[in-house]
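Q: Sequence:
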Amino acid sequence: MRLFHEEIFGPVAALIRFNNEDEAVDAANDCDVGLASYVYTKDIGRAARVTETLQAGMVALNTGVVSDAAAPFGGVKQSGLGREGSKYGIDDYMSLKTVITGNVNVQHRSHI
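Using the numbering used here, the letters of the sequence shown map in sequence onto residues -16 to 95.
Bear in mind the hints are in silico, worked out from the structure with no lab data behind them. In this text, all values refer to a predicted model and were calculated from it rather than measured experimentally. Check each hint, because a few of them may be wrong.
[Said to hold, decoys possible] Okay, the calculated beta carbon distance ranges per label pair:
no., residue 1, residue 2, range
1, Asp74, Ser50, 17 to 27 Å
2, Arg(-15), Gly68, 22 to 32 Å
3, Asn86, Ala52, 40 to 50 Å
4, Val59, Ala31, 47 to 57 Å
5, Asn12, Thr46, 16 to 26 Å
6, Glu35, Asn88, 44 to 54 Å
7, Asp5, Gln61, 20 to 30 Å
[Claimed, not checked] Straight-line C-alpha distance at most 20 Å; calculated SDA-like pairs for lysine to any residue:
no., residue 1, residue 2
8, Lys60, Cys14
9, Lys25, Glu(-10)
10, Lys60, Asn2
11, Lys60, Val16
12, Lys60, Lys25
13, Lys60, Glu(-10)
14, Lys25, Pro55
15, Lys60, Asp15
16, Lys25, Val42
17, Lys60, Leu37
18, Lys60, Asn45
19, Lys25, Lys80
20, Lys25, Asn45
21, Lys25, Val8
22, Lys70, Ala54
23, Lys60, Ala19
24, Lys70, Gly85
25, Lys25, Val48
26, Lys25, Val49
27, Lys70, Pro55
28, Lys60, Ile(-9)
29, Lys60, Asn12
30, Lys60, His(-12)
For each residue, glycine too, the CB sits at the ideal point set by N, CA and C.
Sequences and hints are given; from them, build the entire structure.
A: Right, here's the structure in full:
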């Protein structure tokens, strides 16, 4: 079904019937996009397994809220590379420099 293989936006609840946990995860991962996934369960073991194996940049567990200003926002696969928001969102705009120096005498001055 097209709905399950494309990235959709808007208030849409796409539901699919499954027989077991593996079948549900396989169906969720069987697409080229991976912005967000939503998992509802009372089983903490299942929550850990499913959230770990879902191919999505963000997973909401037992909530419809997947975004927060303090959390990095972004997807995987064709849903994007990198993150926006949070302290991790600045990484794509930064340039790191490594300086390795040998055989240098550094003299520290004390102002005390």
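Q: Now, for every hint given, state plainly whether the structure supports it.
A: Taking the hints in turn, this is what the structure says about them:
1. Asp74 with Ser50: 17 to 27 Å: holds, 18 Å
2. Arg(-15) with Gly68: 22 to 32 Å: holds, 30 Å
3. Asn86 with Ala52: 40 to 50 Å: 47 Å Cβ-Cβ, so the 40 to 50 Å window holds.
4. Val59 with Ala31: 47 to 57 Å: Hint violated: Cβ distance 19 Å, outside 47 to 57 Å.
5. Asn12 with Thr46: 16 to 26 Å: For Asn12 and Thr46 the Cβ distance comes to about 21 Å; the hint holds.
6. Glu35 with Asn88: 44 to 54 Å: holds, 50 Å
7. Asp5 with Gln61: 20 to 30 Å: holds, 24 Å
8. Lys60 with Cys14: Status holds; Cα separation ~9 Å.
9. Lys25 with Glu(-10): violated, 27 Å
10. Lys60 with Asn2: violated, 26 Å
11. Lys60 with Val16: holds, 5 Å
12. Lys60 with Lys25: The hint is violated at about 29 Å.
13. Lys60 with Glu(-10): holds, 11 Å
14. Lys25 with Pro55: violated, 25 Å
15. Lys60 with Asp15: Holds - the C-alpha atoms of Asp15 and Lys60 are around 6 Å apart, at most 20 Å.
16. Lys25 with Val42: Holds: Lys25 and Val42 sit about 16 Å apart, inside 20 Å.
17. Lys60 with Leu37: holds, 12 Å
18. Lys60 with Asn45: Since the Cα atoms of Lys60 and Asn45 sit roughly 24 Å apart, the hinted pair is violated (cutoff 20 Å).
19. Lys25 with Lys80: violated, 46 Å
20. Lys25 with Asn45: Distance of about 8 Å is within 20 Å: holds.
21. Lys25 with Val8: holds, 17 Å
22. Lys70 with Ala54: Holds, at roughly 8 Å.
23. Lys60 with Ala19: holds, 11 Å
24. Lys70 with Gly85: violated, 33 Å
25. Lys25 with Val48: Satisfied, since the Cα-Cα distance of roughly 17 Å is no more than 20 Å.
26. Lys25 with Val49: Holds - the C-alpha atoms of Val49 and Lys25 are around 18 Å apart, at most 20 Å.
27. Lys70 with Pro55: With Cα atoms ~8 Å apart, Lys70 and Pro55 stay inside 20 Å; holds.
28. Lys60 with Ile(-9): holds, 15 Å
29. Lys60 with Asn12: With a Cα-Cα distance of about 10 Å, the restraint between Lys60 and Asn12 holds, given a limit of 20 Å.
30. Lys60 with His(-12): Within the cut-off at roughly 12 Å; holds.
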